[in-house]
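Could you put together the complete structure from these sequences and hints?
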Amino acid sequence: MLITSSTLQVSESLTNLYRDRKMGSKDNVCAPVLFLLVVIASGIRLSEGTNFTLVNSCNETIWPGIIANYNSTGNDGFALKPGQSSIFSAPSGWGGRIWARTGCDFNQNTSTGKCQTGGCDSSLKCSGPGDPPFSIAEFNLGDIDYYDVSLVDGFNLPITITPVKGTKGNCSVAGCDSDLRANCPEELVQKSDGKVVACRSACNVFDSDEYCCRGAFSDPVSCMPTNYSRIFKQACPAAYSYAHDDSTSVLTCSTTDYILTFCASRNQTECTYHDKQLVCPGSKSSDGFKEFPQRLRILVLAFPIVMNSIFKF
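Throughout the sequence shown, residue numbering follows full-length UniProt numbering, covering 1 to 313 in sequence.
If a hint is listed, it holds; no wrong ones were tucked in.
Only pairs whose alpha carbons sit at most 30 Å apart, straight line, appear in this in silico DSS-like list of lysine-lysine:
id, residue 1, residue 2
1, Lys-191, Lys-114
2, Lys-233, Lys-195
3, Lys-195, Lys-114
4, Lys-81, Lys-233
5, Lys-114, Lys-125
6, Lys-81, Lys-195
7, Lys-191, Lys-125
8, Lys-233, Lys-168
9, Lys-195, Lys-125
10, Lys-165, Lys-233
Label pairs and their calculated CB-CB ranges:
id, residue 1, residue 2, range
11, Thr-61, Ser-127, 19 to 29 Å
12, Gly-95, Asn-183, 29 to 39 Å
13, Glu-187, Ser-92, 37 to 47 Å
14, Ser-89, Thr-61, 15 to 25 Å
Just so you know, these hints were derived from the structure itself, not from any lab.
Each residue gets a CB set at the ideal place from its N, CA and C atoms; glycine is no exception.
In structure tokens, the structure reads:
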């Protein structure tokens with residue numbers, strides 16, 4: 001279950017405290033409890049912007065890339081291990097893209113290295129749009145949010161976008177939970193160490209006006225689906241399969257946060273906070289929890305972590 005970014009920070013602080021201190025004194029046992037009480041008393045606030053909860057449900061570590069209109073946000077540059085999640089908060093009017101980099105190996109001292117897919121040159125922090133092929137979640141926030149998952153630049157991992165209790169607009173799930181790599185046409189396959197790590201787009205492979213929807217094929221009338229884009233669309237009906245695949249791919253919502261799940265499964269439920277309450281899309285399990293005062297919720301969510309750490313002594 002996902003908890004707030006503030007609670008995640010509390011949990012991380014407690015974990016670091018016990019990782020660094022191996023002593024068994026009573027003072028050390030009480031330290032995390034006192035620390036937690038101080039945090040609660042300080043009145044942690046949740047973000048008033050749009051919160052993006054990034055969830056890694058893959059069997060591998062990913063490195064999220066986050067770019068605001070092709071400019072660095074300074075919010076990426078971290079790893080998400082399998083089962084981990086993180087929260088990125090965006091201001092009103094934000095527009096940008098979020099994706100997963102895979103198979104990365106970064107030098108801890110220089111923060112440089114290479115990724116098998118989705119890399120940003122050799123940098124841990126992205127200052128540009130990233131290198132295809134990769135699956136991309138795209139957003140334009142406003143009074144009405146526009147969002148989609150694009151496979152125009154290829155596919156590296158399944159991505160789903162789930163709005164959290166939105167109001168106006170369609171507010172349905174975008175993206176796909178199918179792994180296109182398993183049925184990628186041989187001519188589009190990208191491999192690393194003999195393993196299929198991505199499925200390239202026809203534009204990326206053949207670089208023709210027809211596949212790239214440019215030149216004489218730049219308008220929606222002349223740029224039509226190809227056999228390759230149809231394969232993408234069949235696997236991922238709620239994702240962009242080519243440049244002008246707007247009618248079934250761009251969704252709208254408002255007054256919402258978003259959960260981005262990498263490698264989502266159809267029966268999976270991820271939770272986050274929205275409007276000061278715990279929300280699990282498609283589930284009513286959080287209804288009895290939403291009336292808790294915010295600080296008490298933080299205590300309830302963090303308490304098992306504290307107790308588990310204490311009894312390890």
